[in-house]
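Given these sequences and hints, build the entire structure.
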Amino acid sequence: MVKGVMFDFSGTLFRIESTAQWLRAVVADAGLAVPVSELDACTARLEEFGAQPGGVPPRRVPTHLEDLWRGRDLTAERHRAAFTALAQEARLPSADLAAALYDRSQVSEAWQPYPDTEATLRALHERGVPIAVVSNIGWDMRPVFRDHGVDDLVDAYFLSFECEVEKPDPRIFQMACDRLGVAPANTLMVGDDRVTDIGAAALGCQIRLVDPLPVAERPDALTEALQLLEEQPRLI
Numbered sequence: 008m009v010k011g012v013m014f015d016f017s018g019t020l021f022r023i024e025s026t027a028q029w030l031r032a033v034v035a036d037a038g039l040a041v042p043v044s045e046l047d048a049c050t051a052r053l054e055e056f057g058a059q060p061g062g063v064p065p066r067r068v069p070t071h072l073e074d075l076w077r078g079r080d081l082t083a084e085r086h087r088a089a090f091t092a093l094a095q096e097a098r099l100p101s102a103d104l105a106a107a108l109y110d111r112s113q114v115s116e117a118w119q120p121y122p123d124t125e126a127t128l129r130a131l132h133e134r135g136v137p138i139a140v141v142s143n144i145g146w147d148m149r150p151v152f153r154d155h156g157v158d159d160l161v162d163a164y165f166l167s168f169e170c171e172v173e174k175p176d177p178r179i180f181q182m183a184c185d186r187l188g189v190a191p192a193n194t195l196m197v198g199d200d201r202v203t204d205i206g207a208a209a210l211g212c213q214i215r216l217v218d219p220l221p222v223a224e225r226p227d228a229l230t231e232a233l234q235l236l237e238e239q240p241r242l243i
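Counting from 8, one number per residue, gives the positions in the sequence shown under this note's numbering.
Simulated from the structure, these hints should not be mistaken for lab results. The reader is advised that the hints may include incorrect statements.
To be verified - Calculated cross-link-like contacts (lysine to any residue; reagent style SDA-like; alpha-carbon spacing at most 20 Å):
no.	residue 1	residue 2
1	Lys10	Glu224
2	Lys10	Asp185
3	Lys10	Ala163
4	Lys10	Thr230
5	Lys10	Leu236
6	Lys10	Gln181
Being a predicted model, the structure only gives us computed values, none of them experimental.
Structure below.
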């Protein structure tokens, strides 16, 4: 019986804007006039290097950045340094844009909840099922939840840079289960990463995976988390 649910953040509950939107927003804020062809080429390079937090994973990490890339989610400083360095590899129209791009990735308007995020969280909340967000991340995204009106539906956050441990290490999932007061065997983990999120299975948690598609392409994948509870009695 599922008595508690853990969710991943990026690609599961929320999705960051496209790389093109991300770059264009920062260029506009900087007041730069950049030809469309250059913006398109720069967008492709940013995606090649995976320079957008929560965006397309890197197709390659330059050798001189491999050490920095590993463990990037364990401290805020390392996270900023890693993604800023990758952005610099993309030959941006202005060197100042690397830091601005990273800052943009932490702005609530750059993130959108999936269409069924609020309904899923609210239905669990109303059933008395405690909810934790467990994320490999280097910044505090609680304001994103608050600004999109769903922070009151989450009971606890376990962020790798705060916990100093990252998924798939079972310890971060155990921390969440302990905080929720639910045994791992009665806890469901919903995520999008087939490497990191399935780490909860080592504790005996149930796993459900969704695809980290753009928001418009994934209207109802989170409802699977609710299907497990449809036949269960309410906990309150």
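Hint check results:
This hinted pair does not check out: Lys10 and Glu224 have alpha carbons roughly 30 Å apart, beyond 20 Å. Simply put, Lys10 and Asp185 have alpha-carbon atoms about 12 Å apart, close enough for the 20 Å limit, and the pair holds. Between Lys10 and Ala163, the direct Cα distance comes to roughly 15 Å. Compliance with the 20 Å bound is thereby established for this hinted pair. Taking the CA atoms of Lys10 and Thr230, the gap is about 16 Å. The hint holds against a cut of 20 Å.
For the hint pairing Lys10 with Leu236, the CA-to-CA distance comes to about 9 Å; that is within 20 Å, so the pair holds. Between Lys10 and Gln181 the CA atoms are separated by roughly 15 Å; this keeps the pair inside 20 Å, and the hint holds.
In this structure, the one hint that does not hold is number 1.
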